[in-house]
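**Q** Sequence:
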Amino acid sequence: MMSEPLRIYIIAGEASGDLLGGRLMESLTKLSPHPILFFGIGGERMIQQGLQSLFPMQELSLMGFVEVLPHLQKLKRRIHQTVFDITQTHPDILITIDSPGFTFRVVRELAHENITGLKKIHYVAPSVWAYKPERAAKTAKLFDALM
Numbered sequence: 000m001m002s003e004p005l006r007i008y009i010i011a012g013e014a015s016g017d018l019l020g021g022r023l024m025e026s027l028t029k030l031s032p033h034p035i036l037f038f039g040i041g042g043e044r045m046i047q048q049g050l051q052s053l054f055p056m057q058e059l060s061l062m063g064f065v066e067v068l069p070h071l072q073k074l075k076r077r078i079h080q081t082v083f084d085i086t087q088t089h090p091d092i093l094i095t096i097d098s099p100g101f102t103f104r105v106v107r108e109l110a111h112e113n114i115t116g117l118k119k120i121h122y123v124a125p126s127v128w129a130y131k132p133e134r135a136a137k138t139a140k141l142f143d144a145l146m
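At position 77 of the sequence shown (counting the first as 1) the number is 76 in numbering that gives the first Met the number 0, and the numbers step up by one without a gap.
It should be emphasised that the hints constitute simulated quantities derived from the structure, not laboratory data.
Do not take every clue at face value.
[What the hints assert, rightly or not] Keeping only pairs whose Cα atoms sit at most 27 Å apart, straight-line, the calculated DSSO-like set for lysine-lysine is:
#1 119 <-> 75
#2 140 <-> 118
#3 140 <-> 119
#4 119 <-> 29
#5 75 <-> 140
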């Protein structure tokens, strides 16, 4: 009897996250006793592991206020598009990698949706800076686990 596939939504927003995501997807596929379906946003490495990216990951690879500002409206649309896609996909697990400016906003928006049973994991825990100790508490409220 074929078991139901595990549905994993995975988001990476930069090249380092794509590399980590591709390796994670490869390992999960090898180790899982169940088939896995991957959904989300990623680059070439994740696409090689079977991801069909919702949109080009490079749209999220913006750094700094000056670079982000002209793209703010588009980024907001991408956040809403991603949240909508997650609600339509009904994944069992959401894994976000790096890119807290985008991924944390997606997770915060998801809190307004009525999604039951979705486990939220952040891969590559953000640094907790001496002048931002509240970051650890905020991150802990958003996710079920950090890796």
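**Q** Decide, hint by hint, whether the structure agrees.
**A** Structure-based check of all given hints:
1. Restraint check for residue 119 and residue 75: the C-alpha separation of about 21 Å stays at or below 27 Å, so the hint holds.
2. The straight-line distance between the Cα atoms of residue 140 and residue 118 is roughly 13 Å, inside the 27 Å bound, and the hint therefore holds.
3. With a C-alpha separation of about 11 Å, the suggested pair residue 140 and residue 119 falls inside the 27 Å cut-off, and the hint holds.
4. For a cut-off of 27 Å, the pair hint linking residue 119 to residue 29 stands: about 21 Å separates their Cα positions.
5. The hinted pair formed by residue 75 and residue 140 meets the criterion: a straight-line CA distance of about 22 Å does not exceed 27 Å.
Hint violations for this structure: none, all hints satisfied.
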